[in-house]
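Residue numbers (the numbering used here): 993 to 1275.
Any given hint might turn out to be false.
The calculated label-pair distances, taken between Cβ atoms and stated as ranges, are [unchecked claim]:
(1) Q1119 - E1190: 38 to 48 Å
(2) D1136 - R1217: 32 to 42 Å
(3) D1267 - K1242: 14 to 24 Å
Heads up, simulated DSS-like pairs for lysine-lysine below, C-alpha to C-alpha not over 27 Å straight-line [unchecked claim]:
(4) K1044 - K1210
(5) K1039 - K1086
(6) K1039 - K1242
(7) K1039 - K1272
(8) K1255 - K1272
Keep in mind that the hints were calculated from the coordinates and are not lab data.
Virtual Cβ for every residue (Gly too), placed ideally from N, Cα, C.
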Amino acid sequence: MIKIRIGGVPEHFNLPWHLAIEDGMFAHHGIDLEWIMFPEGTGAMNKALRNKEIDLAVILTGGIIKDIANGNPSKILQVYVSSPLQWGVHVGAKSEFTSIEELENATCAISRYGSGSHVMAHVQAEQRGWDTSALKFNVINTLDGAIEALTEGTADYFMWEHFTTKPIVDNGVFRRLGDFPTPWSCFVIAGRESFIEEHKASIEIVLDVINTVTADFKKIPSIDRTLANRYEQQLEDIQQWLSMTTWSQKQITDEELTRVQSKIFDLKMIDNQIDINKFKINL
993 MIKIRIGGVP EHFNLPWHLA IEDGMFAHHG IDLEWIMFPE GTGAMNKALR
1043 NKEIDLAVIL TGGIIKDIAN GNPSKILQVY VSSPLQWGVH VGAKSEFTSI
1093 EELENATCAI SRYGSGSHVM AHVQAEQRGW DTSALKFNVI NTLDGAIEAL
1143 TEGTADYFMW EHFTTKPIVD NGVFRRLGDF PTPWSCFVIA GRESFIEEHK
1193 ASIEIVLDVI NTVTADFKKI PSIDRTLANR YEQQLEDIQQ WLSMTTWSQK
1243 QITDEELTRV QSKIFDLKMI DNQIDINKFK INL
C-alpha cells in the first residue's frame, strides 16, 4: 500500500472523497489515502504543503495560486469544483451594520493571512472601490473563532461559504448581509512537486477514482439527504447548493490561471507574476 496524505476542509464539497475512501475505492488500487481535516482552511493547507505535512490538497483556487506565486513548491493537478464559491458576508447578530457598503472601514475576521477569507476580502473591497491597503484584519483561525470574534466584537464581519455558515445564521448567531461569489472556480486539487515526481502513477489513480465519483455524484440515490444528515444542513439548502455546484474532471485552463494571477497581482497580494505553466502539471 502506498500512503498518500490529502488535506481538505470539513465541508459538503468533499463528501465524494469520504464516500470513495469508505467504499475502499483507493485501497482497491493499493493506495492508503489518509484524509486530513483542515477547519482552518486554505492558509493552513498551504503551510502544510510547504512543510511536507500533506502530499495533496483540495484547496481554494485563488489561495493556492497566490501561494505558488509566492514560492510554494506545489502544482495544480486539476480543477475539482468548477462553479464559483458563494461567500456569505456575515456580521454578529447584535451588530449595528445592516449592509455590505457600511463595512468599508470595519475589521474583517480571516482564518489566516493568505487564506480564502483573506483573498476574498481584498477582491470584494476592490470591486466596491474601497482602499484595499486600508483593510483591517483579525486572524481567528476557525469558524468557531469567527463566532467568538463577531459575538464579542473583536471583528466586525466574516466571509465564509454560504451553506456552511447557514446553520449559524439560522440559529441567530450570525446575520448575513449578502453573498459574494468568487470570479473563478471554487476548488482545485494540488500536490507537492517532489511528491508528484515520485508518485505520478499513484496520483493518476487517485484522480481517476475521484473523477469517477464526482462525474456521477449528483445521481447517487438520496445524495441530498445524505449530505443534509452528514453536514447538519436543511434539505432544501442542500438541494439548492447541489443545483449551483459543478464538479470538474479537467485541468485548469491557461485563461483562468492568467485571470486569477492578474487579479491577485493587482491587489498587491503577490510581488511578481510568474509563468502560468509553473502553476500546473499535466500527468
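Which of the listed hints are not met by the structure? 2, 4 and 5
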